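Trainee: Here is what each chain is made of, one letter per residue.
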Amino acid sequence: GNSVTQMEGPVTLSEEAFLTINCTYTATGYPSLFWYVQYPGEGLQLLLKATKADDKGSNKGFEATYRKETTSFHLEKGSVQVSDSAVYFCALSDTGGSNYKLTFGKGTLLTVNP
Amino acid sequence: NAGVTQTPKFQVLKTGQSMTLQCAQDMNHEYMSWYRQDPGMGLRLIHYSVGAGITDQGEVPNGYNVSRSTTEDFPLRLLSAAPSQTSVYFCASRSQPSSYNEQFFGPGTRLTVL
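For the record, the sequence lines run as chains A and B.
Take 272 as the starting number for the first sequence in my numbering and just add one per residue.
Take 1448 as the starting number for the second sequence in my numbering and just add one per residue.
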């Protein structure tokens, strides 16, 4: 079956530090990959996505590249801000009969200190 | 568009009580789903629906019922609440079946069962 593994948190950084949150996946088909972000007290919202190998998703200074050879989709940002403090979820959506469903990782809590 | 709306935002129940968590979307999405979010567990799929009149179980369906009489609404019923159902519940929707379409989330319902 499908699964997503992302690095355990919490991650604590100082403002302007470089961020990497690792995400690897297992899928039976040709999945699309997503990063969702959850700010305190809110629901999840899409941060970025990539739908095929070697695609790079980007938004708000965050980037992630779909690497089929390493089955990875690591999230990066060059200079984090206090406002980036949130929980980040990696997710995949596979092709085929169950392409409605999203499979989520367990989430990584990021705290950015001023 | 209001997107995905959920009511109530907070609820406290006693063990054995029943209640319905409401979810509605105004985007004419076919696919709707319910998740629960617990610390260290990420998001777990409870039930989902691929259209009006069609529902199916997710990973953790026990103790919950759903129905989908209209495209817009997808209520989640707790039949006899238990302390193990204390959680944050998220409703989500997604457009026609495609692995790369974004899933939209509601703001969540925080449920405590005493």
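Don't read these hints as lab results, they were simulated from the structure.
Because the structure is a prediction, the values reported are computed rather than measured.
Every residue gets a Cβ at the ideal spot worked out from N, C-alpha and C, and that includes glycine.
Please note that a few of the clues may not be correct.
Said to hold, decoys possible - Between beta-carbon pairs, the in silico distance windows are:
id, chain 1, residue 1, chain 2, residue 2, range
1, A, Q352, B, T1462, 40 to 46 Å
2, B, P1530, A, K339, 42 to 48 Å
3, B, T1452, A, S356, 24 to 30 Å
4, B, D1520, A, S274, 29 to 35 Å
5, A, A324, B, S1542, 22 to 28 Å
6, B, P1530, A, D326, 42 to 48 Å
7, A, A324, B, T1517, 36 to 42 Å
8, B, T1517, A, S285, 45 to 51 Å
9, A, P311, B, A1499, 41 to 47 Å
10, A, K323, B, V1459, 43 to 49 Å
11, B, M1474, A, N330, 40 to 46 Å
12, A, P385, B, Q1543, 41 to 47 Å
As the list claims (entries may be wrong) - Straight-line distance between alpha carbons at most 30 Å, and here's what the computed DSBU-like set of lysine-lysine pairs gives:
id, chain 1, residue 1, chain 2, residue 2
13, A, K377, B, K1456
14, A, K339, A, K327
15, A, K377, B, K1461
16, A, K377, A, K327
17, A, K348, A, K327
18, B, K1456, A, K331
19, A, K331, A, K348
As the list claims (entries may be wrong) - Interface residues of chain A toward chain B, partial, derived using beta-carbon atoms under 8 Å:
id, residue
20, L315
21, A324
22, K372
23, L373
Trainee: Each hint: holds or not?
Mentor: Okay, the hints, checked on the actual structure:
no., hint, result
1, A/Q352 - B/T1462: 40 to 46 Å, "holds, 44 Å"
2, B/P1530 - A/K339: 42 to 48 Å, "holds, 44 Å"
3, B/T1452 - A/S356: 24 to 30 Å, "holds, 26 Å"
4, B/D1520 - A/S274: 29 to 35 Å, "holds, 31 Å"
5, A/A324 - B/S1542: 22 to 28 Å, "holds, 24 Å"
6, B/P1530 - A/D326: 42 to 48 Å, "holds, 44 Å"
7, A/A324 - B/T1517: 36 to 42 Å, "holds, 39 Å"
8, B/T1517 - A/S285: 45 to 51 Å, "holds, 49 Å"
9, A/P311 - B/A1499: 41 to 47 Å, "violated, 35 Å"
10, A/K323 - B/V1459: 43 to 49 Å, "holds, 46 Å"
11, B/M1474 - A/N330: 40 to 46 Å, "violated, 20 Å"
12, A/P385 - B/Q1543: 41 to 47 Å, "holds, 44 Å"
13, A/K377 - B/K1456, "holds, 23 Å"
14, A/K339 - A/K327, "holds, 12 Å"
15, A/K377 - B/K1461, "holds, 29 Å"
16, A/K377 - A/K327, "holds, 22 Å"
17, A/K348 - A/K327, "holds, 13 Å"
18, B/K1456 - A/K331, "holds, 28 Å"
19, A/K331 - A/K348, "holds, 9 Å"
20, L315, "holds, 4 Å"
21, A324, "violated, 13 Å"
22, K372, "holds, 7 Å"
23, L373, "holds, 6 Å"
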